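Enquirer: To convert, take the position in the sequence shown, counting from 1, and add 5; that gives the working numbering.
Keep in mind the hints are simulated off the structure, nothing from the lab.
Among the hints, erroneous ones may be present.
Stated by the list, open to error - Subject to a maximum C-alpha distance of 30 Å in a straight line, what follows is the list of computed DSBU-like cross-link-like pairs (lysine-lysine):
(1) K374 / K347
(2) K248 / K346
(3) K378 / K347
(4) K248 / K275
(5) K277 / K35
(6) K35 / K306
(7) K248 / K306
(8) K35 / K187
(9) K73 / K187
(10) K306 / K275
(11) K306 / K347
Predicted model, so just to flag it, every value in this text is computed and none were measured.
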Amino acid sequence: MVCLNTLACGSCGWRGSEALNIFSCPRCGKPLDLDYRTGESLPEYRELLRCHRGVWCFSELLPGYGYKATLGEGFTRVLQLRLRGSSVLAKMESQNPTGSFKDRGAAVAISMAISLGASVVVEDSSGNAGIATSCYSRAHGVRAVIVAPASAPSGKLDLIRLCGAEVVLAESREHASRLAPKIALERAGAYLPHTWLPHHVEAMKTIAFEIYYQVDEIPGTIFIPTSSGTLLLGIYRGFRDLKRMGYIERIPRLVSVQTRSYHPLYTAIKNKTLDPEEENLADGISIRSPPRLEQMIQAVKETGGEVVVVSNNEIREALRELIMLGAIVEPTSATPIAGIKKAREMGIDTERAIAILTGSGLKMIQNIKTITKE
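All chains should be built: construct the whole structure from the sequences, respecting the hints.
Expert: And the structure:
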C-alpha cells in the first residue's frame, strides 16, 4: 500500500524511507519525526459534520497512508466545568472509542503498520495505549501482543484481553519496553512504541485543530498531563500548524502537569528534583526518561509555558471534584485540574484555560473507589 512519508532525525540529520520497526534514529539513537507534504487549510466545518473517518477527517494535515484505520475517534466534547468558584473548559478525551486520547495515536500507528504489511503488532503499555492498540488492531484484522507491567490496573488489562490481544506481563515499565521489541522480532511483527513513534505525536495535532472549531476564543493556556510528551508535542505542533496557515496569531501557553513521583520535564527545566511519593496515583504519567525530553523543553519554553508538579492528595481532591460534576475520569485526568489550582498559586493566568482530560475512569472503577475514599 502507498506510504509517502520520510523519517527524519532532528538531532543528526539522518533521513530515510518509512519502514516497520524503525522507531529511533539508526545513526544516533534519538527519536525520529515524520516529514510529509501537508495541506494549507483546515476542512470546512460543514465537511467535518459529514465526515465519519475519525482523525482522518484532517487527512490533508496528517501523514499519508494507503490504509486508514479508524473507529471514529476524535471530536470529543469541550465541557465548561465550575471548579473552585471559577469556570474551566475541559476537552473530554475520555469520550474516545476505547476511552482515552491514545485512540488518536492508535489510528495513525495501525494505519502505518497495515500500509507497510504488518500482520502482528507489539506494544508495551500500562493500560490505555495497550487498550487502543488492541481494539484498533482487532477491528482492522491485525493480531496484537501487549507487554504490560504487572502493576498495571487490572481493569485495563481485562479490556486488553477482551479486545483479543495477548497480554505478556513484565516486571516493570522499563522491563516491558525492553521485552516488547524482542517479542516483535520473534514473531515477525511490528513494534509500535507509543513513547517513541512520531505517529502518535502527529495524531495529537488533531486535538488542537478541534479546539479551534469548538471554542469562541483560542485558550490562553492549556493544561496537559505529561509523561512521554506525545500529547504535549502533538498539541504544540497542531497549534503551530494553525499559526502557519494563518488561523491564529499565537500558540497558547502550554503548561505541563507532572507528579511528585515522576517529573523529568520539571527537573530538566527547573534544574531540581522533588522528593517522590511512594505511590503514584496517576498511573498514566509515570515515565522516568521520556525520549523526546529536548523537544518537550522547547515546546514549553517557546510558548512561554510552565511545568507544575502535583501531589497525590491534590490529584485525589481534583478527582473527587470531577466525579461530583459527573466527569468520570481516571486519576491521570485529574492532574490538569489539580495543576490549574497550583498554577493560580504560582501567579499563572488561568482565565482562559482548557484542561485535557485524557482518559475514562470506567476502566478502573475499583481503583477510583479506593482512591477517593482515602
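Enquirer: Determine for every hint whether it applies to the structure shown.
Expert: Structure-based check of each hint:
With a CA separation close to 24 Å, the supplied pair K374 and K347 stays within the 30 Å bound. Annotation: proposed proximity of K248 to K346 holds, straight-line Cα distance about 29 Å (limit 30 Å). Annotation: proposed proximity of K378 to K347 holds, straight-line Cα distance about 22 Å (limit 30 Å). Of the pairs offered as hints, the one joining K248 and K275 holds, with about 28 Å between alpha carbons and a cut-off of 30 Å not exceeded.
In summary, the hint linking K277 to K35 is supported, as the alpha carbons are separated by about 24 Å, within the 30 Å threshold. The straight-line distance between the Cα atoms of K35 and K306 is roughly 21 Å, inside the 30 Å bound, and the hint therefore holds. Using a Cα cut-off of 30 Å, the hinted pair K248 and K306 holds, with the two alpha carbons roughly 17 Å apart. Pair hint K35 plus K187 holds up; C-alpha atoms about 19 Å apart against a cutoff of 30 Å.
This hinted pair checks out: K73 and K187 have alpha carbons roughly 27 Å apart, not beyond 30 Å. Pair hint K306 plus K275 holds up; C-alpha atoms about 12 Å apart against a cutoff of 30 Å. A hinted pair counts as satisfied when its Cα atoms are at most 30 Å apart, and K306 with K347 qualifies at roughly 19 Å.
When the structure is compared with the earlier hints, no violation turns up for any of them.
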